[in-house]
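Q: Chain by chain, the residues run as shown.
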Amino acid sequence: MSPYDTLPPRAFWRSGVVAEVPESAEPIQVAEPLQAIQGLYLPKFAITKDTTIMTAGSCFAQHVHRNLYERDWAVLDFESPQHNFRRDVMTRFGYGMYSARYGNIYSARQMVQLLHEAYGFETPHAPVWQRPDGKYVDAQRPAIEPDGYDTPELVRDARAHHLRILRKTFESAELLIFTLGLTETWCHTATGTVYPTAPGVIATPTEPQEISYRNDGHRAIMADLRALNDFGKSRNPNFKLLLTVSPVPLTATASGAHVLPATTYSKSVLRAAAGEFVRAHDTVDYFPSFEIITNAATRGRFFEANQRSVTSRGVKAAMDMFFQAHGEEVDTHQPRISASLTGGMADEGDNAVQCEEVLLDAMNRSLT
Amino acid sequence: MKVLVLGTSHSASLRMSADWIKRAYPSLEVDYFSLPGIVHSRSLMIGSTFGPTPSDAYGCKMSQQWNGSLIVDLAPYAQIFHVGERFAMGAVTRLMADYDILEHEERSLRPVMSLSAARALIGSAVYDFVEARHDVFGDDRRITFMPAPYPLARSAKRGPGFENTMSRLNKRHTAADWSQIYEHAMGTSLADFGYRFIAQPMHTRQGIFATQDIFARPKSSVADVGDKVDNRHTNANYGQEIFAAYAQSQLGLAPLEMASAPQS
Chain A
1 MSPYDTLPPR AFWRSGVVAE VPESAEPIQV AEPLQAIQGL YLPKFAITKD TTIMTAGSCF
61 AQHVHRNLYE RDWAVLDFES PQHNFRRDVM TRFGYGMYSA RYGNIYSARQ MVQLLHEAYG
121 FETPHAPVWQ RPDGKYVDAQ RPAIEPDGYD TPELVRDARA HHLRILRKTF ESAELLIFTL
181 GLTETWCHTA TGTVYPTAPG VIATPTEPQE ISYRNDGHRA IMADLRALND FGKSRNPNFK
241 LLLTVSPVPL TATASGAHVL PATTYSKSVL RAAAGEFVRA HDTVDYFPSF EIITNAATRG
301 RFFEANQRSV TSRGVKAAMD MFFQAHGEEV DTHQPRISAS LTGGMADEGD NAVQCEEVLL
361 DAMNRSLT
Chain B
1001 MKVLVLGTSH SASLRMSADW IKRAYPSLEV DYFSLPGIVH SRSLMIGSTF GPTPSDAYGC
1061 KMSQQWNGSL IVDLAPYAQI FHVGERFAMG AVTRLMADYD ILEHEERSLR PVMSLSAARA
1121 LIGSAVYDFV EARHDVFGDD RRITFMPAPY PLARSAKRGP GFENTMSRLN KRHTAADWSQ
1181 IYEHAMGTSL ADFGYRFIAQ PMHTRQGIFA TQDIFARPKS SVADVGDKVD NRHTNANYGQ
1241 EIFAAYAQSQ LGLAPLEMAS APQS
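Residue numbers (my numbering), protein chains in the order written: chain A, 1 to 368; chain B, 1001 to 1264.
The hints are simulated quantities; they were obtained by calculation from the structure and are not laboratory data.
Computed from a predicted model, the values in this text were never measured in an experiment.
Incorrect hints may have been included.
Stated by the list, open to error - Label pairs and their in silico Cβ distance ranges:
no., chain 1, residue 1, chain 2, residue 2, range
1, A, Gly256, B, Ala1176, 50 to 60 Å
2, B, Asp1227, A, Gln82, 22 to 32 Å
3, A, Gly327, B, Ala1176, 32 to 42 Å
4, B, Ser1055, A, Gly327, 32 to 42 Å
5, B, Asp1031, A, Ser172, 51 to 61 Å
6, A, Phe45, B, Asn1164, 56 to 66 Å
For each residue, glycine too, the CB sits at the ideal point set by N, CA and C.
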């Protein structure tokens, strides 16, 4: 039983917005490509193709990671197979989405908690939750193993390895691109441990009543950003942070409000905190993907029919702005092509010259 | 019964054993059609014929040179033994060499991957490969696939022809588990498209992911050819072994003449 199960329709985007405005689901035909707004992003510091980048955050950060990867920028990922496996299968298991296999990290608090855990400064409460089918999940990344784990020990074992790789990733990164997604979170009241999902959504802890809903305000977000930046600086004096705010509305709110004002509250607080924090730090910048996607001039055309998911055109507009601002030509690049797109044929095949020789040998033999 | 041996350069070992096959299986009429892997992978079926497209000048030249014809008509054949595809071997073996399986006892400093994820990634890579072959050959229950042989055991030695990935993989205690996952993926993916599958016979292997050196092509070692060492292609003895495995498992035929003893 999830806390969202009993909420009224107005608490959900689909029922509270899409169903209320049926024509919003109709795709709008766009004749001309939408141009990025000039001057929207004026970087504080240079980011180059060789800057080692760690990506993390709410789900829009996946687009950032993928675009950096496809353009062959130095985006880190020590945990995913580097061998052109099928994108959809990789994603199903949490690979290739971010710089490590931590899944969506919706808040700066969760990111700080993760880093503190990786370095032994914090031990999250109730790390293993159980699904209705009896399988176990990692409470901090419950979706990365769709089949679940057979035992709690396997969860802990997998997490220990993940944290080891995370440390390596973090220490290799010159820049963390972090996408702020939510202010609403689920928290173990006594210890302050936060979780990316509510009890009952995917799995449930042993004592679900100890987990409560929390909706952070500006001050809390500022404190978390400070903690994140301070921790980065403590590990690497040259650490830089690029913040973004996810333009993706809330799927659901447990605040009691309609999902629209709940979304506005969440994004406003995050945006305000990011803005204030960026102003105060030379090594922290803000990339306005939120504004690119949501500004009124786009008339919602950068959202899919569900008025929530960002279209590929929207992602391209945002990422083109990022790459242009950092001196990259945006229309000439050839994205890395997955082997699956070529029918799995791309392979480290046999030496062509040897192939010729060996068959000539065989021909000669069969002719003699 | 007419049988076609079709494949990449790895089918050369069968061509080289053609005389033995003729003597050992007198009831079979076996023909051969081979193309280098790169040409084979881009060749197409047109009607009942298979071969390089007319625009593939290199492929046409090679086919003419090796087969005496540009294309082969598959229609007359009762069975087809398809040899030498790699089944995403490069990507899959690197994955197997680079990762530990969470549920396995063996632990190293490699990243850990769950068995479920490994099966899904390998399974999808192999499936995509087979699907691409199905796009070419279509539904054809006559076809039995045997993959390219694993590199020779001597390729574990550093120097020309060194197979880093295979060498690392073959040393792993979990090699047999990985092999089971990979070969199971090949078998099930091929079965999904109505094809049959034979794994490289175990008695031709050294360990799990290597082929015994006795099956090396003649004069292909470092001592013979220096940097041009060939640790991937095999000899006529190997051709005899795999044809015997094919005939036994798919046609129910035993050879009338024993296979030649491999020359070490």
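Q: Determine for every hint whether it applies to the structure shown.
A: Structure-based check of all given hints:
At about 57 Å, the CB distance of Gly256 of chain A to Ala1176 of chain B agrees with the hint of 50 to 60 Å. Roughly 28 Å separates the CB atoms of Asp1227 of chain B and Gln82 of chain A, a value that falls within the hinted 22 to 32 Å. A beta carbon spacing of about 51 Å between Gly327 of chain A and Ala1176 of chain B contradicts the range 32 to 42 Å that was offered as a hint. A beta carbon spacing of about 40 Å between Ser1055 of chain B and Gly327 of chain A agrees with the range 32 to 42 Å that was offered as a hint.
Between Asp1031 of chain B and Ser172 of chain A the beta carbons are some 56 Å apart, a value that agrees with the proposed interval 51 to 61 Å. For Phe45 of chain A and Asn1164 of chain B, the Cβ-Cβ distance of about 39 Å falls outside the hinted range of 56 to 66 Å, so the restraint is violated.
Hint violations for this structure: numbers 3 and 6, all remaining hints satisfied.
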